[in-house]
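Number of protein chains: 4
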Amino acid sequence: MSCVASDATQQFAPGAPRVIVAGATGFAGALAAHLLWRHPGFELVTVSGRSEVGRRLDHLYPRYRVPLEIEELDLDRIEPIDAAVVAYPHAAAAPTVGALRERGARVVDLSADFRLGSLATYEQWYGEHPRPDLLDDAVYGLSELHRERIAGAGIVANPGCYPTAAVLGLAPLARAGLIADVVIDAKQGISGAGRAFDETTHLSMAGENILPYKVACHRHTPEIEEQLGELDPAHPESPVQFQAHLVPLDQGELASCYVTPTRVVAAAELRELYGDAYANEPFVEVVDTPPGTREVRETNFCRVFAAADGHTGKVVVLSAIDNLWKGTSSQAVQNLNIMFGLSETEGLL
Amino acid sequence: MSCVASDATQQFAPGAPRVIVAGATGFAGALAAHLLWRHPGFELVTVSGRSEVGRRLDHLYPRYRVPLEIEELDLDRIEPIDAAVVAYPHAAAAPTVGALRERGARVVDLSADFRLGSLATYEQWYGEHPRPDLLDDAVYGLSELHRERIAGAGIVANPGCYPTAAVLGLAPLARAGLIADVVIDAKQGISGAGRAFDETTHLSMAGENILPYKVACHRHTPEIEEQLGELDPAHPESPVQFQAHLVPLDQGELASCYVTPTRVVAAAELRELYGDAYANEPFVEVVDTPPGTREVRETNFCRVFAAADGHTGKVVVLSAIDNLWKGTSSQAVQNLNIMFGLSETEGLL
Amino acid sequence: MSCVASDATQQFAPGAPRVIVAGATGFAGALAAHLLWRHPGFELVTVSGRSEVGRRLDHLYPRYRVPLEIEELDLDRIEPIDAAVVAYPHAAAAPTVGALRERGARVVDLSADFRLGSLATYEQWYGEHPRPDLLDDAVYGLSELHRERIAGAGIVANPGCYPTAAVLGLAPLARAGLIADVVIDAKQGISGAGRAFDETTHLSMAGENILPYKVACHRHTPEIEEQLGELDPAHPESPVQFQAHLVPLDQGELASCYVTPTRVVAAAELRELYGDAYANEPFVEVVDTPPGTREVRETNFCRVFAAADGHTGKVVVLSAIDNLWKGTSSQAVQNLNIMFGLSETEGLL
Amino acid sequence: MSCVASDATQQFAPGAPRVIVAGATGFAGALAAHLLWRHPGFELVTVSGRSEVGRRLDHLYPRYRVPLEIEELDLDRIEPIDAAVVAYPHAAAAPTVGALRERGARVVDLSADFRLGSLATYEQWYGEHPRPDLLDDAVYGLSELHRERIAGAGIVANPGCYPTAAVLGLAPLARAGLIADVVIDAKQGISGAGRAFDETTHLSMAGENILPYKVACHRHTPEIEEQLGELDPAHPESPVQFQAHLVPLDQGELASCYVTPTRVVAAAELRELYGDAYANEPFVEVVDTPPGTREVRETNFCRVFAAADGHTGKVVVLSAIDNLWKGTSSQAVQNLNIMFGLSETEGLL
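Residue numbers (numbering that gives the first Met the number 0), protein chains in the order written: chain A, 0 to 348; chain R, 0 to 348; chain G, 0 to 348; chain H, 0 to 348.
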């Protein structure tokens with residue numbers, strides 16, 4: 000392939016932090032590489048993969064236009080780097096994160112390995128933790144909730160896509176102690192299943208389908224519960240009813256949240272709660288019509304809508320993101336911006 | 000167009016009831032006409048429309064292969080008929096239903112005009128009722144729940160698609176008095192918006208979108224509440240939290256129901272409740288994996304899955320139908336089968 | 000799974016031919032099984048597969064509602080059968096077809112093994128032929144062109160989907176010796192790639208894509224050339240420019256054919272040629288507006304449109320089918336109808 | 000709606016040319032506004048529309064994030080501007096283009112009004128021309144072919160999307176006098192039908208469809224013929240067989256071109272022809288595998304593939320673009336870059 004255009008030189012500021020993406024062949028890693036390649040504040044020095052070694056990333060993902068060759072990750076021979084995005088499956092990620100930390104790199108980890116504060120909860124859902132010693136070094140990377148701690152963290156555990164949408168939608172209510180009970184019904188495009196080739200991703204099976212999965216056992220449930228519990232110390236252990244569905248689109252995610260409040264909540268109070276919570280957030284928009292996921296496609300934005308239902312007394316919160324962007328890779332870049340003292344929106348608008 | 004094949008003669012038993020479809024140009028009416036045309040137990044004599052008069056229905060809907068010309072409905076000149084399917088918008092339907100009744104026809108009405116038992120509730124949601132005098136003649140047409148009364152009815156009010164999925168999913172719990180609180184999160188394909196040409200149906204807007212709509216104000220809510228209340232006289236007025244979403248497919252609908260039970264419900268009890276409720280139903284299948292809507296596409300089947308969530312104590316019920324088939328037109332035919340003493344599955348398998 | 004409804008007994012006439020589907024786990028075999036299960040003129044006795052043995056076919060393909068268990072094919076232990084549909088890949092099919100013939104069954108083979116009259120051409124495109132001895136027993140199964148020979152054949156080589164659309168579209172011109180040169184640009188839905196799980200079928204890769212493939216080397220080219228050559232003995236060896244594309248839908252196929260005619264062809268002559276050719280064909284419709292594939296989705300119909308372009312002098316022919324139905328499995332049933340003396344449309348309208 | 004984030008100030012260089020978009024409510028105008036809003040080299044001062052006046056553009060197109068209010072275009076009250084993009088239908092465009100020229104603005108016109116060099120051809124296809132006096136002021140805006148003349152033009156007639164893909168694909172052959180005959184089979188996503196709400200764009204009609212349209216009468220035909228004729232003076236009047244199809248995706252377009260060459264063309268010569276033609280083009284990539292449209296989605300790139308078919312002697316050229324980007328709005332920005340002496344890629348990578 001003769002790709003004149005995409006062989007353009009990367010543009011970045013002198014002295015920009017040097018970053019690698021480990022696991023760049025999957026959807027999440029490839030998008031992270033794309034965002035960092037065009038980011039003026041970082042130098043993307045290496046993309047690695049456990050497959051496709053030797054192939055150029057822009058041949059695998061033409062739209063992302065990153066003309067780097069995919070390498071096998073060899074931390075003993077790698078040039079000094081300042082940061083890494085690790086896009087490995089859970090359990091496979093932690094050892095690599097540890098090795099990167101030992102070489103001084105600060106890491107945004109896209110796996111579940113460092114998301115849960117409780118080791119016991121982790122082991123209940125994922126099995127034995129490969130590097131529990133690193134848990135203290137890790138901060139949960141929901142940028143809007145933890146940016147102060149993210150700024151100084153060695154390891155940032157990038158949130159799951161469902162927790163990102165759900166917790167951003169519910170945080171103002173949780174912080175006000177208003178959640179007595181909550182049902183979260185989440186819908187997501189097929190890219191959420193990743194580069195898996197199976198019945199859930201085949202167009203002739205996933206098309207014309209609405210597919211609920213993992214009833215009463217989705218691993219994002221404890222992650223959401225921990226975050227809401229932290230925001231609402233009066234109800235630290237409230238169980239959350241969470242249900243995920245695949246719908247036939249590529250990128251997009253909506254968390255529809257149904258809250259039974261601890262007391263009557265009026266529309267005006269809701270407006271104030273959400274307005275105050277997100278007035279200064281560059282990437283969270285409080286909207287007054289129900290948000291479609293198309294509105295935030297291929298952006299780092301989250302759109303949140305909240306309404307009090309006078310008939311039932313419940314509060315309905317709708318939170319829309321792009322599962323691959325704010326739900327994964329662009330939030331990783333937002334976290335890198337925070338970690339390295341750049342403007343939080345740099346490279347993301 | 001020279002369409003040799005589709006000009007084939009209709010096949011039906013001698014003396015079969017004569018039926019018309021009024022409003023055959025919309026998605027629902029056209030499918031009803033298709034199902035009746037190929038049905039061995041009915042003679043489809045006329046398809047009418049308020050637009051497209053003079054055009055052949057199979058030129059408007061080629062796949063449906065009904066080679067009848069669309070006529071303007073003129074009840075004074077129509078040959079005697081036994082039955083009619085009326086596919087008009089609410090308020091427009093009732094006067095025509097009345098006129099058909101006066102000419103002796105039995106009617107399945109696809110609109111909302113006769114679905115609600117309470118006139119007050121109707122007028123609160125839809126405005127003045129054009130023919131309240133006919134309400135006593137009408138039976139709610141959820142076949143599985145009301146088949147005895149449907150058998151003798153003059154007017155069968157075909158249910159809304161959302162109530163069909165939701166009530167079939169929740170009926171076993173309601174009948175057992177087990178629903179203390181329920182959230183229904185429903186998702187539907189774009190055909191649910193009908194032949195409307197606007198921003199909700201344009202492929203470049205509806206594609207790559209998950210769109211919640213009518214928050215806390217969907218007209219199917221009171222219909223669901225009335226039906227569940229009738230099944231569970233101990234909780235006749237429980238409000239239901241109902242939320243609808245459009246997702247980018249053509250035909251398919253899933254109601255995800257989250258029930259807070261009145262007491263602890265075990266998996267075995269659930270299995271028995273649902274097994275008993277639907278053991279002899281030809282069109283309701285109780286399944287033990289979460290049903291995707293593709294499984295029931297273009298069928299009259301409803302697939303129901305129920306699980307107890309040990310973590311939250313809630314019961315999760317997933318109910319999948321094709322919104323145009325069981326949710327609308329094939330249920331209309333199922334009701335006609337019941338009304339005219341045919342096998343309930345005739346023309347539908 | 001408790002699937003009461005689908006366990007219904009198969010309905011067929013007493014003494015109906017007994018048929019099996021070998022390779023029922025792929026899209027083509029599964030649809031053939033579905034069509035035969037609901038066909039009043041055949042008894043479907045066995046569905047076999049090389050994977051998924053022991054699983055029920057309706058659990059793998061819920062919509063197809065065939066409640067038979069998938070078996071490993073053991074021809075030594077099988078009860079006597081009259082017919083078989085073989086849905087294996089090329090080269091794998093021929094030995095099984097041979098074994099079935101030796102047991103007296105008449106076979107419709109969905110593979111390419113018996114489609115080409117010339118052994119040399121077969122070996123050039125597919126490699127060594129496993130059973131060249133059977134070639135004389137085989138008839139090319141484009142029903143409309145070869146029904147007399149199909150009626151008596153031992154082996155019917157079901158055509159490829161692209162040749163079905165293209166040859167039905169071009170036959171009237173070929174027969175009249177009017178094709179000096181032809182370009183066939185064909186587009187097909189993702190089901191054409193079968194149950195393959197890879198980059199061509201993943202919704203996040205096949206979606207929002209128009210993908211040309213196999214430039215100047217598609218194996219359907221020689222099949223089209225042989226058929227057109229047979230129809231037009233004056234030009235027996237004309238090369239055909241054929242190009243295939245995948246587009247993001249499930250089922251549907253359009254062959255757009257651009258013919259440079261051997262002499263000027265007027266609109267009236269075209270109308271007469273196509274009208275005469277297909278006037279009595281139950282499944283080919285000559286239409287006077289360009290046909291969309293949706294018009295024939297999930298039917299055995301082919302819609303053909305032909306126009307003379309006064310500007311260029313070329314003839315444009317558009318031919319639309321459902322690639323899985325008329326392009327594969329429903330044409331197989333049409334052929335079985337012919338082979339066993341049933342009405343050609345039985346089970347297909 | 001409270002959209003904190005999108006109210007951000009536009010960033011542009013001091014003294015940047017001031018530009019308006021007239022007709023920003025359609026797909027093409029809205030995307031042009033989006034690209035100019037984020038472009039560092041232009042100041043977008045006004046977006047106008049003939050509907051939706053007073054509504055903010057980012058409320059109509061949330062993803063495009065242009066927080067300007069849609070105005071009625073009043074050229075007598077507008078502040079001085081340097082340039083305009085006009086996105087009106089043909090015939091409606093020319094008078095506004097004229098008025099803008101009279102006020103000194105340089106115009107990129109997205110309509111067909113100034114694309115054809117021959118007034119007679121225009122009037123044959125579109126009817127009377129509203130401003131034939133302006134034709135001499137206009138240059139055909141296929142950037143790669145006419146950039147020198149575009150640099151000094153008062154009016155740039157932005158090409159149709161089909162001619163963009165087709166002519167970029169065929170130019171190297173035309174320039175070498177190699178085209179004896181050509182068939183162009185083009186496929187496009189639904190956004191190509193624009194913001195029209197009708198049967199061609201409704202997801203339940205356009206989905207699962209491949210729809211050929213305007214057989215032997217598409218208005219892009221004479222545009223392609225003029226451009227190819229200009230490149231190949233030895234064959235200035237060769238008719239082109241052009242056929243368009245709609246396929247169910249949002250943005251993407253593929254022109255599959257089948258060329259009967261004037262003499263035998265070998266693979267090596269093709270490689271050299273295309274390599275030479277596009278070696279220095281920043282937005283045209285000559286690729287050696289058939290390009291899918293997804294590869295160029297939401298980019299200004301065109302990917303071209305050319306192969307000699309040894310079997311037929313024809314040359315197959317496949318040319319992929321995004322119909323809304325390179326096919327329309329991003330090419331308009333590329334032309335503005337050329338007209339105002341900016342780097343041709345500015346704001347487009």
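Worth flagging that the hints you see were computed from the coordinates, not collected in a lab. None of the values given here were measured: they were computed from a predicted structure. Possibly wrong hints are sitting among the right ones.
Stated by the list, open to error - Covered, in the sense of this in silico footprint (three residues per stretch, anywhere, with C-beta under 8 Å from a C-beta of chain G), are these stretches of chain A:
{"hint": "1", "region": "200-206"}
{"hint": "2", "region": "210-221"}
As the list claims (entries may be wrong) - Residues from chain H that keep clear of chain R, each with C-beta distances beyond 12 Å, as calculated:
{"hint": "3", "residue": "R49"}
{"hint": "4", "residue": "A150"}
{"hint": "5", "residue": "G153"}
{"hint": "6", "residue": "A192"}
{"hint": "7", "residue": "E207"}
{"hint": "8", "residue": "Y212"}
{"hint": "9", "residue": "D249"}
{"hint": "10", "residue": "A266"}
{"hint": "11", "residue": "E271"}
Glycine included, every Cβ here is placed at the ideal spot set by N, Cα and C.
Comparing the hints with the structure gives:
no.: 1; hint: 200-206; verdict: holds (count 6)
no.: 2; hint: 210-221; verdict: violated (count 0)
no.: 3; hint: R49; verdict: holds, 18 Å
no.: 4; hint: A150; verdict: holds, 34 Å
no.: 5; hint: G153; verdict: holds, 33 Å
no.: 6; hint: A192; verdict: violated, 8 Å
no.: 7; hint: E207; verdict: violated, 7 Å
no.: 8; hint: Y212; verdict: holds, 15 Å
no.: 9; hint: D249; verdict: violated, 5 Å
no.: 10; hint: A266; verdict: holds, 39 Å
no.: 11; hint: E271; verdict: holds, 40 Å
Hint compliance for this structure: hints 2, 6, 7, 9 are broken, all remaining hints hold.
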